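Colleague: Read top to bottom, the protein sequences are chains A and B. At position 28 of the first sequence the residue is numbered 28 (this note's numbering), and the sequence of numbers has no breaks. At position 81 of the second sequence the residue is numbered 81 (this note's numbering), and the sequence of numbers has no breaks.
Bear in mind the hints are in silico, worked out from the structure with no lab data behind them. Everything hinted at is true.
To be clear about the criterion: a stretch of chain B counts as covered by chain A if any three or more of its residues have a C-beta under 8 Å from a C-beta of chain A, and this derived list gives those stretches:
hint	stretch
1	7 to 13
2	29 to 41
3	51 to 61
Only some residues are given here: those of chain A computed to face chain B with a beta carbon under 7 Å:
hint	residue
4	I21
5	A49
6	L103
Bear in mind the structure is a predicted one, so any value in this text is a computation, not a measurement. From the three backbone atoms N, C-alpha and C, an ideal C-beta is built for every residue, glycine too.
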Amino acid sequence: MELVVFVLASAMMLVGALGVITRSNPVHAALSLILTLFGVAVHFVALEAYFLAAVQIIVYAGAIVVLFLFVIMLLGVDKAEDLATEPLVAQRWLAGIAGLGLLGLLVVAVSRGVEVLRPRGNGLDTAAQGADGDANIQQLAQSVFGDYVVAFELTSVLLVVAVVGTVMLARRRMAGEA
Amino acid sequence: MPEPTTLSYLIVAALLFVIGTVGVMVRRNPLIMFMCIELMLNAVNLSFVALARELTDIDGQSIVFFVLVVAAAEVVVGLGIIVAIMRNRTSLTADDMAELKG
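Kindly generate the complete structure, drawing on both the sequences and the hints.
Modeller: This is the structure:
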């Protein structure tokens, strides 16, 4: 059963990813990205990361892709792009070769590295162990707000900086202003 | 029926990462290049979560949480820059941004 879920979610994810890089219309690419993000969310559920699966849907599919679509519509670039002509000679061939090389390296690296993995943490709480259905959320909260509380506070600073910077960037310059 | 191992999750994540990398190298539309960066971030998130289960350590999931926040900030700033650059232009390819002025 878990294998079926794994195969289906992986297929969703990879088909969506191929859609992102092959669709000529940016709107279609953004919708393919949603497919990929949902596939990753299904993997998260299968890996017992329930909170992250929900956040993945809400933040990625709900906010980031919508932001992409907003910008596509705002700029009016929702026309199909000409993909038939290759801008640089042999660019795609070289990119494909580089991609295959990277894939080979990654697969060799992870298949060697995975053999030396040993459990080192305190264990993941799952709903099956009692507590209640929120075991994953409770454990993640203790980690984020306990061990990593400084990093968490820093991300809030990061978000404020990002918001202020974007407002400054996107603002129209008034006449007579430097 | 066999269960998917951590290795199979890592290999799927590697495939997703490579697709994103090839996309950044091949596509010229900066919006699509951003989407490909999101693909790569998702591949890394997937391997973090898979390793969190393998190592029975919640830290892997905490890191994914922070990656999500940073990705959101990155997209906001990146799209802001694209909107600022594209306001005076009609076409949208990365090659048009070679002159470092708005």
